[in-house]
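Based on the sequences and whatever the hints tell you, model everything.
Okay, here's what each chain looks like letter by letter:
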Amino acid sequence: DARVTQTPRHKVTEMGQEVTMRCQPILGHNTVFWYRQTMMQGLELLAYFRNRAPLDDSGMPKDRFSAEMPDATLATLKIQPSEPRDSAVYFCASGSVTLGRRTDTQYFGPGTRLTVL
Amino acid sequence: DQQVKQNSPSLSVQEGRISILNCDYTNSMFDYFLWYKKYPAEGPTFLISISSIKDKNEDGRFTVFLNKSAKHLSLHIVPSQPGDSAVYFCAASGGFRRGSQGNLIFGKGTKLSVKP
Chain A
10 DARVTQTPRH
20 KVTEMGQEVT
30 MRCQPILGHN
40 TVFWYRQTMM
50 QGLELLAYFR
60 NRAPLDDSGM
70 PKDRFSAEMP
80 DATLATLKIQ
90 PSEPRDSAVY
100 FCASGSVTLG
110 RRTDTQYFGP
120 GTRLTVL
Chain B
24 DQQVKQNSPS
34 LSVQEGRISI
44 LNCDYTNSMF
54 DYFLWYKKYP
64 AEGPTFLISI
74 SSIKDKNEDG
84 RFTVFLNKSA
94 KHLSLHIVPS
104 QPGDSAVYFC
114 AASGGFRRGS
124 QGNLIFGKGT
134 KLSVKP
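For the record, the sequence lines run as chains A and B.
Per this note's numbering, the first sequence runs over residues 10 to 126.
Per this note's numbering, the second sequence runs over residues 24 to 139.
A hint or two may mislead.
Restraint-style ranges between C-beta atoms, simulated for each label pair [to be verified]:
1. 18(A) with 80(B): 31 to 37 Å
2. 80(B) with 68(A): 26 to 32 Å
3. 25(A) with 41(B): 49 to 55 Å
4. 77(A) with 102(B): 43 to 49 Å
5. 83(B) with 39(A): 26 to 32 Å
6. 124(A) with 102(B): 36 to 42 Å
7. 25(A) with 101(B): 50 to 56 Å
Below 27 Å or equal to it, Euclidean Cα-Cα: the simulated DSS-like pairs (lysine-lysine) are [claimed, not checked]:
8. 79(B) with 131(B)
9. 91(B) with 134(B)
10. 131(B) with 20(A)
11. 77(B) with 87(A)
12. 79(B) with 28(B)
13. 28(B) with 94(B)
14. 134(B) with 71(A)
15. 20(A) with 71(A)
16. 87(A) with 71(A)
17. 138(B) with 77(B)
18. 20(A) with 134(B)
19. 28(B) with 91(B)
Don't read these hints as lab results, they were simulated from the structure.
Computed from a predicted structure; not experimentally measured.
Even for Gly, the Cβ is constructed at its ideal location relative to N, Cα and C.
Rendered as structure tokens:
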């Protein structure tokens, strides 16, 4: 049963602290997305990668957020320093995109609920 | 500037009846549409999709209808069951031929409550 995993599931931290969220995409998927869900904005795309290369991170506040894929089985989203307004649920999703084959379906992880006090 | 809109934040339906969730989009470049279902404390799960070359796609109790001229799609659930109670997100994609990289634009969701 292939699925996207995310750790931690919950994180409570104080303002100014560094937060790192991790995602393991489905094996064989070559595209990884990071989303943030808030009550006001719904699901916002923060960044995404294809074959580990960043394609678009225009949705992220650049001064404090960073996203990386150290290898094909791990994606990370880091916030430094964290602020109360960063409190939200952060989702990772993965998908498979290849030339000549159109597959836009994304599979989501369970999310990391972040609370910054 | 919301490109994908779900104008009803919530919908309540009696068990056994039809649930109709609506979604409007503004970008005519979108050519692939998806519906996701989300339970509390879980990630969205893929439900059903439709390509712009079709106007209907059916999967069991779920049917998605696409009206390209109106830039409107809808999800029909028949019959509705209490287990269908969740938030439903509509999403759209721009198509690779038009430069899309496979990213989805999501609506803000509609919370469906199916009452026994």
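Verification of the supplied hints:
1. At about 33 Å, the beta-carbon gap between residue 18(A) and residue 80(B) stays in the expected band of 31 to 37 Å.
2. Between residue 80(B) and residue 68(A) the beta carbon distance is about 29 Å. The supplied range of 26 to 32 Å therefore holds.
3. Our hint of 49 to 55 Å for residue 25(A) and residue 41(B) holds, since their Cβ atoms are close to 51 Å apart.
4. The hinted range of 43 to 49 Å is satisfied by residue 77(A) and residue 102(B), whose Cβ atoms lie roughly 46 Å apart.
5. For residue 83(B) and residue 39(A), the Cβ-Cβ distance of about 30 Å falls inside the hinted range of 26 to 32 Å, so the restraint holds.
6. In this structure the hint that residue 124(A) and residue 102(B) lie 36 to 42 Å apart at CB holds, the actual value being about 39 Å.
7. Checked against the hint of 50 to 56 Å, the C-beta distance between residue 25(A) and residue 101(B) comes to roughly 52 Å, which is consistent with it.
8. Of the supplied pair hints, the one linking residue 79(B) and residue 131(B) holds, its CA atoms being roughly 23 Å apart against a limit of 27 Å.
9. For the hint linking residue 91(B) to residue 134(B), the alpha-carbon distance of about 25 Å falls within 27 Å, and the restraint holds.
10. Under the criterion of a C-alpha separation no larger than 27 Å, the hint pairing residue 131(B) with residue 20(A) is consistent with the structure, at around 24 Å.
11. As the CA atoms of residue 77(B) and residue 87(A) are separated by approximately 41 Å, the hinted pair breaks the 27 Å bound.
12. Proposed proximity of residue 79(B) and residue 28(B) is supported: the alpha carbons are some 20 Å apart, at most 27 Å.
13. Using a Cα cut-off of 27 Å, the hinted pair residue 28(B) and residue 94(B) holds, with the two alpha carbons roughly 11 Å apart.
14. With a C-alpha separation of about 32 Å, the suggested pair residue 134(B) and residue 71(A) falls outside the 27 Å cut-off, and the hint is violated.
15. The hinted pair formed by residue 20(A) and residue 71(A) meets the criterion: a straight-line CA distance of about 21 Å does not exceed 27 Å.
16. About 11 Å separates the Cα atoms of residue 87(A) and residue 71(A), which keeps this hinted pair within 27 Å; it holds.
17. Among the hinted pairs, residue 138(B) with residue 77(B) is inconsistent with the structure: their alpha-carbon atoms are about 32 Å apart, more than 27 Å.
18. Restraint check for residue 20(A) and residue 134(B): the C-alpha separation of about 26 Å stays at or below 27 Å, so the hint holds.
19. At roughly 15 Å between alpha-carbon atoms, residue 28(B) and residue 91(B) fall within 27 Å of each other, so this suggested pair holds.
In this structure, the hints that do not hold are numbers 11, 14 and 17, in rising order.
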